[in-house]
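> Sequence:
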Amino acid sequence: MALLTRLRGATEAVHARIDARFSNGLLDAPSHACYLRGMQRTVDAFERGSARFHAEPEWRDWLVPARSPLLESDLAELELPALTLAPALEFDDGPGLLGALYVLEGSAQGARMMMHQLRQRPGPVGGVHFLQAHADDPRRWRALLARLDGVEDDGAAAASAELGAMRTFALAEDSFALAAERT
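Taken in order, the sequence shown gives residues 8 to 190; the numbers are from the numbering used here.
Derived from the structure by calculation, the hints contain no laboratory data.
We treat Cβ as the ideally placed atom computed from N, Cα and C, and that holds for glycine.
Incorrect hints may appear among the rest.
As the list claims (entries may be wrong) - Beta-carbon label-pair distances, calculated as ranges: (1) ASP161 - GLU65: 18 to 24 Å; (2) LEU92 - THR12: 30 to 36 Å; (3) ASP68 - PRO37: 16 to 22 Å; (4) PRO129 - ASP68: 33 to 39 Å; (5) ARG149 - GLU86: 34 to 40 Å; (6) PRO94 - GLU63: 30 to 36 Å; (7) LEU92 - ASP161: 31 to 37 Å; (8) GLU63 - GLN124: 35 to 41 Å.
Please work from the sequences and hints to get the whole structure.
Shown next, in the form of structure tokens:
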């Protein structure tokens, strides 16, 4: 798991800042709105940038079905406007895409906790389609860890994976900050 260690080390600071933003979870409507709007912007940029990989069997399970429609549905249900689109996250190769998936699949771990918190809120809570789907299958994270384990932790592939993770985390951080300003 040397590449995993490298990715964790490289993204530790930005990961901590994002975690701090949601340290109280989604216990109120503004934090829920910020999360959904930031994730919609990030996931949309990821999906547009990864589109060329959709036809490749080794990536299909990770990329299909698209999750941005679920986020758009949640935003519509809560009558929240989407943020302006970010430029597509472009990936030069599979390891770069793998680095981005490290961020997105890792966020599914937090989504499980957020779903639990949302269930604790009094009354009906809408806008949970994305979170339910995102948190649905913990086997995806284990499968991603196995994929990461197959990449040497030095050389061009590891550098590309690190760049993919860093760019995805940077976009997520920027998107959550933008969402917080406008929520």
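> Hint by hint, which ones does the structure fall short of?
Hints 3, 6 contradicted; others consistent.
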